[in-house]
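For this one, chain A is given, so just place chain H on it according to the hints.
Protein sequence lines correspond, in order, to chains A and H. Going by this note's numbering, the first sequence opens with residue 4, and the numbers climb by one from there. Going by this note's numbering, the second sequence opens with residue 523, and the numbers climb by one from there.
Treat the hints with care, as some may be off.
[Claimed, not checked] Example chain H residues on the side facing chain A (calculated, C-beta under 7 angstroms, incomplete):
(1) ILE654
(2) GLU657
(3) LEU668
(4) GLN676
(5) TYR685
(6) LEU687
(7) LEU688
(8) SER690
(9) ILE698
(10) ILE936
(11) VAL940
If you are wondering where the hints come from, they were derived from the structure by calculation, not from laboratory data. Cβ atoms here follow ideal geometry from the backbone N, Cα and C, with glycine treated the same way.
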Amino acid sequence: MNEILIVAGLGVLTLLAEIFSFKKFIAPIVIAGLLATWVVAALELNGNIYSSLNASVLNMLDFDRYAQSFVLLLTTIALLWVIINYNFFSDESNKADHLSLILFSMVGGFCMVSYTNFVMLFLGIEILSIPMYVLAGSNKRSLRSNEASLKYFLMGSFATGILLFGIALLYGSTGSFYVYDLRVKTTGADFVMTPMFTIGMVMLLAAMAFKSSAAPFHFWAPDVYTGSPSSVTSFMSTFVKTSALAAFMRLFYTALPYVPETFDRIFLILIIGSLFLGNIIAVFQTNAKRLLAYSSISHVGFMLMAIRFFSEPTSVASLFFYMAAYAITTLAAFMVLKIVEENSDGDVSISAFNGLVKRNPLLAGTLTIALLSMAGIPPLSGFFAKFNILYIALHHGYFWLVIIAILASLIGVYYYFKIVIAMFASEPVLAPITLTGKQKTLLLLLTLLIVGMGLNSFVFDLIPS
Amino acid sequence: MFPLLLIFLPVLTALFIFVLPAAQSRMIAFAGAILSLLAVLLSFNALHADATDVALSFSFNWLPSLGSNISFGIDGISMVLLLLTNILLPLIILTTFQRDIIKPKGYFSLMLLMQSALLGVFMATDGLVFYIFWELALIPIYFICLFWGGEGRQRITFKFFIYTLLGSLFMLVALIILFQHTTNHSFAIKELYAAGASMTFDQQAWVFWFFFLAFAIKMPVFPFHTWQPDTYVNAPTQGTMLLSGIMLKMGTYGLIRWLLPMVPQAVSAYTDLVIILSIISVVYASAIAMAQVNFKRMIAYSSIAHVGLICAGIFSYKAEGIQGALAQMFAHGINVVGLFFICDIIQTNTGTDTMANLGGIRTVNQKFAFWFLITMLGSVALPLTNGFAGEFLLLNGIYQYNAWFAAIGGLTIILGAVYMLRGYQAIMLGETSSITTSFPALKLSETIVFIVIAGIIVISGIYPKIILDISAWDVQLIAH
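So here's chain A without its partners, still in its complex pose (with noise of 0.2 angstroms):
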């Protein structure tokens, strides 16, 4: 809860910027303040803070291990991507609005990870979409963008939409939004699955898909990743793909623990779809970013199992980790494209990266090690990532489904290594690039992040099973 109230806190103060005319500090501030967020939020997790406010919130919200370890890794994604993306806000004139949307966008996923009423899961989808939408749109000279957000606000309005009608045909078949209501009510033995609640689920399982862009509800994604900034894609694959994913898991992890048995089938569906849709059809891609929004694709069917087999011991901590892992990889990635995306007049083909290595060593090499996570190859925390969700698989008998997975993985590594042959093996046609200090010790650091989290399991076990 305290980092509800620091990050609106921040978002307001952020917008008086623009009356009293301190823009200039604004960027540092919010950097602080992302920082003291993230010190809170750890110091909670390991037990050092208690705080009243922690205790469920009007039955609202609950900050529980589970709320605190995402809201811990929500702050470190978003503390992170300020940081690469500061001069997303530095050559803006309304850089103090942008700032604000993406801080208010952090109190909508913060209460996506802790809600305990479907209202403030209602809540929080629209606070964290909003601003999205608008910023999908803030290259508002480009009309990718323009397209982009539009897009994403209809196809979103349209997919909440169905969350409350999903929403309402749960509440009218138990009589309550309060999960924990839900929770006795639907495990009690006398307990009959009526049209009503069934229908509700599937609403809600399609919304929840929808949000996460797992196929066959991935349409969307493809179009707003590449249109939107490069910047606002990497906060979009990763900060929002988090909360999305971390609130979909909490509907069951609360509320509806038996809903991934029952409902298997829609899930191989979601899962299977996803793994191969987005891998087939990322091999096709020749522009870098829209091949990362479909290997984005590809990678929430692995998520999508993890919530799937929700009933293994490790499920959360697995899925955690993949998410942790995932967007530390998918920053580094992105930073990369939108380094070379400045270098080359605002190409992000594949060709754009033809020979790298010989342009920048230090961007090429950042960008493999992210690349060769991403296809799983160890000891990267990729590779992790992958392994204990595909353990759980076979632990819950799912030996078909690992074979897939493992196929679908292996078609990911075509289209990954295009790019690594790129840069390794053609020839560069554009300038060296040099970078600035601190975007060495950026890249460097993520680097060390992707090794660190796959030969250290702190992350893993961050979550107790």
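Relative to chain A, chain H alone:
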């Protein structure tokens, strides 16, 4: 503590290469490789003197939530491979002394990282650690082939990478299946053995084929060999040497250490099938080798033939077969590096490795012809060369299992002699052609490589006991 020393020496050397000027990369790499060789000789001495486990193994509690420890151990079987790796590395680096290498920093540090990963594979006693080093060995060689390889390298290295990764991913599944059946959730190899033995036949069969797929692709055995000839031909010479001299042995070592003792029922059920595949490899690859016009490609195919016989010998599950396999792994590593170096020298000095265009080099450079002859005789397993002891024991083991298999597999001796002698004849004998008349004399570094290789060929050929004794005790423990 020897395992740690062995793994970290190359990594440290690679770091030195990275920070010091590029002009010195080669010398640092060579010095580091020599140090590694000394380290492995020391550990050999320790193994020989029955040193305590503390010296020869290492364990560190790494991922308690996954039941995985970073643990290594050295026994006789791994020692053969460790020796091979660390003897070959200085030789491979020596072969670059007369060549210009672009971006030497990257080239040599990748080679040393690969060495480190290979040593890890040969020492790992934990399933997950084994898998990680197995994959780690793939990354440096991929980049060596991708950056320093020849024409069409993008496509060829890519096929190689995807192919081997496919195998290893299935191996990962096999490891997870085994892991689930362990009693106290551990990746330790002993626990995995126990788990494998306790599984039903169907489960064992899955594990067997998943492991076998990974190893068969790596070796490679028919029908998984299609990536190999192109990759060998396309890779830079040192890359080919690493691939054929050492990396190929990851597969055969994996069979001995991770497959045979792991799932006993499945192994005995599928032995016939695997040996038949291996024998097909032998005959098929030899036949193709005979039809090659390109010398490098011919050696690539001969390598498939040799490894096929090794695989069959291992699956005979007799002490002779496995001992022969180890001796032949060692011999093949030495010989094939020599052959690829010969190929490299010919190609550098004449600009071609098409055998028809060459000829008469012996009249121009007799010393070179002499070294070629010795290496080739080792490769065709002439008695009193290193290849003979290995192949003899291999065929002995296979014969004990089934005489027919041995009879057909024994064709390799004849067929091998046919294509190797034909190759020697085409390149070295006959009239000199326009491109071979000015064949230069060997440089000092080249001669040193050949002296070492020929020395090993002859010494371990006359007295094979020095290799066989290393692993004899440990092979007795697993063989029937």
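Status of each hint after checking the structure:
no.	hint	in the structure
1	ILE654	holds, 4 angstroms
2	GLU657	holds, 5 angstroms
3	LEU668	holds, 5 angstroms
4	GLN676	holds, 5 angstroms
5	TYR685	violated, 10 angstroms
6	LEU687	holds, 6 angstroms
7	LEU688	holds, 6 angstroms
8	SER690	violated, 9 angstroms
9	ILE698	holds, 5 angstroms
10	ILE936	violated, 40 angstroms
11	VAL940	violated, 38 angstroms
The structure does not agree with the numbered hints 5, 8, 10 and 11 stated previously, though it agrees with the rest.
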